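Chain S is already provided as a structure; the job is to place chain L on it using the hints.
Which chain is which? The protein sequence lines are S and L, in order.
Positions 757 to 892 (this note's numbering) are the ones given, in order, by the first sequence.
Positions 91 to 259 (this note's numbering) are the ones given, in order, by the second sequence.
Note that these hints are calculated values from the structure, not bench results.
Treat the numbers as computed from the prediction; the structure is a model and nothing was measured.
C-beta atoms are modelled at their ideal positions from N, C-alpha and C, and glycine is treated no differently.
Hints may be right or wrong, so weigh each one.
Within a straight-line C-alpha distance of at most 25 Å, the following computed DSS-like cross-link-like pairs (lysine-lysine) qualify [claimed, not checked]:
1) L:Lys-236 <-> L:Lys-102
2) L:Lys-149 <-> S:Lys-888
3) L:Lys-96 <-> S:Lys-888
4) S:Lys-817 <-> L:Lys-149
5) L:Lys-96 <-> L:Lys-236
6) S:Lys-817 <-> S:Lys-843
7) L:Lys-102 <-> S:Lys-888
8) L:Lys-96 <-> L:Lys-149
9) S:Lys-888 <-> S:Lys-769
10) S:Lys-817 <-> L:Lys-96
11) S:Lys-888 <-> S:Lys-817
If the Cβ cut is set under 8 Å, some of the chain S residues that face chain L in the computed set are [as the list claims (entries may be wrong)]:
12) Tyr-776
13) Thr-812
14) Ala-813
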Amino acid sequence: MIDPQTVSESFIKWMEDNGYGTFGSDIFLNQIPDDAIDNAYWVITAGGDVTRNLVTAQNIKQYSTQIFYRNVSGEAVGHTLSELEVKVNTRGSFNIDGFEIYSIESTMPEDNDKDAENRRQASLVVAIEIYKSYVS
Amino acid sequence: MAGLVKGPFVVKWGSNTLEDVQDYSFDYSTDSNDYTTIDGRKTTLDGAISASVSIQLLKSDVDALATVLPQYYVPQGGTMSTGEVVASADGAIDVVAASCDSVTVYNNLDIISCGTNSTVVRLVNARSMIDSVDLQDSTVLTFTIKFVGEPAQGDAAVQVFSSTTDSIS
Numbered sequence: 757m758i759d760p761q762t763v764s765e766s767f768i769k770w771m772e773d774n775g776y777g778t779f780g781s782d783i784f785l786n787q788i789p790d791d792a793i794d795n796a797y798w799v800i801t802a803g804g805d806v807t808r809n810l811v812t813a814q815n816i817k818q819y820s821t822q823i824f825y826r827n828v829s830g831e832a833v834g835h836t837l838s839e840l841e842v843k844v845n846t847r848g849s850f851n852i853d854g855f856e857i858y859s860i861e862s863t864m865p866e867d868n869d870k871d872a873e874n875r876r877q878a879s880l881v882v883a884i885e886i887y888k889s890y891v892s
Numbered sequence: 091m092a093g094l095v096k097g098p099f100v101v102k103w104g105s106n107t108l109e110d111v112q113d114y115s116f117d118y119s120t121d122s123n124d125y126t127t128i129d130g131r132k133t134t135l136d137g138a139i140s141a142s143v144s145i146q147l148l149k150s151d152v153d154a155l156a157t158v159l160p161q162y163y164v165p166q167g168g169t170m171s172t173g174e175v176v177a178s179a180d181g182a183i184d185v186v187a188a189s190c191d192s193v194t195v196y197n198n199l200d201i202i203s204c205g206t207n208s209t210v211v212r213l214v215n216a217r218s219m220i221d222s223v224d225l226q227d228s229t230v231l232t233f234t235i236k237f238v239g240e241p242a243q244g245d246a247a248v249q250v251f252s253s254t255t256d257s258i259s
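Next up, chain S with everything else stripped away, as it sits in the complex:
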């Protein structure tokens, strides 16, 4: 992921930097192609909200990012997303390019059953609060 502009893109950049895969090969944004390989992630931008407005124009916005992972091995799905959840919830060490994180929290992985091609699929939701200063 070159020059990430959004929180989802920056999260993908973090995944690349931490060895989860490569954007366009086995990590995708919002839509996984029909011909994508079996073992792949796709990151979906899932809305958010302004959680706090400061007196002096800055604010804190919460972005929700849903991470899906599928693999022919159900065990690999569980282990991979569990490891990702632990990394995300180790809050102090988590940074993404271009954004100042106020807080970050992941849900536990949720199994989404097998897909039509017998690949196990699961997901988790990462809520990222970003501090945004509009004062230059």
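Relative to the frame of chain S, chain L by itself:
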């Protein structure tokens, strides 16, 4: 014509603009004494005014605190009260109890509403002090700075005026 005084607000202490202000509270009180006449009437006479503003800074690193607590700021190369030399280019904050040689910094604290014809609420001749230090959401450490108005004799404690320059002279 009356109108809403709306934010976001610019907060200035002297010439320094304070950014990342998460919370703001204004405390005001007037000394008063009640007098009761022998025919049963009660009169309240107002006296001295005290006013202060507490501001919670979301960004409370040394750089931010140096602006609001100049009396405690030690620049790079300076020596802290405990003997350490400050190596960081940001300097350090060394909160030492006031002594005979302490210099108190006074500035007007202005709360300025948004818009071209904004309204200014001024706390006159205010000094700063630490009010509290909090761990917000177990995530972020914040400082709340209290600005205490100490106007000169005969001066107002609080003023409200339009920011257009001809409204005050």
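Given hint Thr-812 (chain S) near chain L, where the shortest CB pair must fall under 8 Å: OK, holds: Thr-812 (chain S) within 8 Å of chain L, min 4 Å.
Below or equal to 25 Å on CA atoms is what counts here, so check Lys-96 (chain L) against Lys-888 (chain S). Holds, at about 20 Å.
For the hint on Tyr-776 (chain S), just tell me whether its beta-carbon gets within less than 8 Å of chain L. 25 Å, violated
Under the criterion that the straight-line Cα-Cα distance not exceed 25 Å, is the pair Lys-236 (chain L), Lys-102 (chain L) satisfied? 14 Å, holds
Restraint status (C-alpha distance of Lys-149 (chain L) to Lys-888 (chain S) at most 25 Å): Given that 25 Å is the threshold and the Cα spacing comes to 12 Å, the pair holds.
Given the hint that Lys-817 (chain S) pairs with Lys-843 (chain S), does the C-alpha gap stay at or below 25 Å? Holds, at roughly 21 Å.
Take the C-alpha atoms of Lys-96 (chain L) and Lys-236 (chain L), compute the straight-line distance between them, and say whether it is at most 25 Å. Between Lys-96 (chain L) and Lys-236 (chain L) the Cα gap is close to 23 Å, so the pair holds against 25 Å.
Given the hint that Lys-817 (chain S) pairs with Lys-149 (chain L), does the C-alpha gap stay at or below 25 Å? 16 Å, holds
Can you confirm whether the C-alpha distance between Lys-102 (chain L) and Lys-888 (chain S) stays at or below 25 Å? Measuring from Cα to Cα gives roughly 20 Å; hence the hint holds.
Straight-line alpha-carbon gap Lys-888 (chain S) to Lys-817 (chain S), limit 25 Å: Status holds; Cα separation ~8 Å.
For a C-alpha distance cap of 25 Å, please report whether Lys-817 (chain S) and Lys-96 (chain L) respect it. Satisfied, since the Cα-Cα distance of roughly 21 Å is no more than 25 Å.
Is Lys-888 (chain S) close enough to Lys-769 (chain S), meaning Cα to Cα at most 25 Å? 20 Å, holds
Against the hints set out earlier in the document, a violation occurs for number 12 only.
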